[in-house]
Amino acid sequence: MVEDLSMHIADLLENSFRAGAKHVELRLSLLRGTLRLEVNDDGSGMDGDLLRKAADPFFTTKRHGKRIGLGLPLFLQTVEELGGTLEVSTRPGGGTRVRAEIPWHHPDRPPLGDLAETVVPIILTSPGVEFRIVLEGNGERIELDTERLKEELGISCLTPEAMGPLMRMVREAMDRVGLKEGA
Amino acid sequence: MNAREVARALGLEAVAFPHPEAEVEGGFCSDLLSRAMAEASPGEAWITYQRHLNVVAVAKLKELSMVILARGPEPEPEVAARAEEEGVNLLRSGAGMFELAGRLYTLLSRGPRNR
Chain R
1 MVEDLSMHIA
11 DLLENSFRAG
21 AKHVELRLSL
31 LRGTLRLEVN
41 DDGSGMDGDL
51 LRKAADPFFT
61 TKRHGKRIGL
71 GLPLFLQTVE
81 ELGGTLEVST
91 RPGGGTRVRA
101 EIPWHHPDRP
111 PLGDLAETVV
121 PIILTSPGVE
131 FRIVLEGNGE
141 RIELDTERLK
151 EELGISCLTP
161 EAMGPLMRMV
171 REAMDRVGLK
181 EGA
Chain U
184 MNAREVARAL
194 GLEAVAFPHP
204 EAEVEGGFCS
214 DLLSRAMAEA
224 SPGEAWITYQ
234 RHLNVVAVAK
244 LKELSMVILA
254 RGPEPEPEVA
264 ARAEEEGVNL
274 LRSGAGMFEL
284 AGRLYTLLSR
294 GPRNR
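Top to bottom, those sequences are chains R and U.
Sequential numbering from 1 applies to the first sequence in my numbering.
Sequential numbering from 184 applies to the second sequence in my numbering.
Just chain R, same shape as in the assembly (with noise of 0.2 Å):
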């Protein structure tokens, strides 16, 4: 188990990265007591081989470095511990898509943690990767576009100065679904 499940979204969205992804979606839903996280992305997917070593922790496709990957196995963990359910849909070429559903009423669910402060710097410091946010929960769903902010501002990249606006508008969105904890 980790400290919180945001830290599991900052390792989908690295895997997302490493994936070569141009295009990344964040959906979190608070449903009927049952959260359900997605990640999709336009990366590179996986064969039926990759997916199967993917929960292997001791298996990563990165370069240098320890040969640990604990990304996926460590989210597989929290999953099953939380009595949850997780799947993984990919093909070669195809992106990924991880989506996991967690009893939020679990007395052993981690906090969600600062969506904001996971997500926003991995935004900013992610140029030529456009994100989409999907919130939903309290009869409401927000949609948060960094292709059309961009539009909307006129300019062509997201500055570090949009830092504050856009945790502004994370949490501000995470409130009205009711995913906001420990306010």
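Do not rely on the hints blindly, as some may be mistaken.
[As the list claims (entries may be wrong)] Output of the computed footprint for chain U on chain R, the stretches with three or more beta carbons under 8 Å from beta carbons of chain U:
#, region
1, 1-10
2, 72-86
[Said to hold, decoys possible] Some chain U residues close to chain R (C-beta under 7 Å, calculated; not the full set):
#, residue
3, LEU215
4, HIS235
5, ASN237
6, PRO260
7, LEU291
Read the hints as simulated data drawn from the structure, not as lab findings.
Where is the CB? At the ideal position from N, CA and C, for every residue including glycine.
Assemble chain U onto chain R, guided by the hints.
Just chain U now, with coordinates in the frame of chain R:
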């Protein structure tokens, strides 16, 4: 003090013990793997209730001297086999984490450097 001496002093049962000569330089307690990844130091003995294969991977990543599984069920055979294969010392005890931590702390405090 090495892992074999610690195992003997604490009455630990070996699940996988490929490096009994590993020097135990301290201890660390946590069931949060993220906390172990962030804070455990090489050479430390990690006491945990967790039995997942990921524990073995974290212990290897952090170059820990041994993992001590506190009171609980036996780990799955695959976990024992992978610990052996990956060179991670994995031992278990019938004692709880609190007791193990206290006994290990006392044991290491009596080591040559602390006399």
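Hints and how they fare:
| no. | hint | in the structure |
| --- | --- | --- |
| 1 | 1-10 | holds (count 4) |
| 2 | 72-86 | holds (count 3) |
| 3 | LEU215 | holds (6 Å) |
| 4 | HIS235 | holds (5 Å) |
| 5 | ASN237 | holds (5 Å) |
| 6 | PRO260 | violated (16 Å) |
| 7 | LEU291 | violated (26 Å) |
Checked against the numbered hints listed earlier, the structure breaks hints 6 and 7; every other hint is satisfied.
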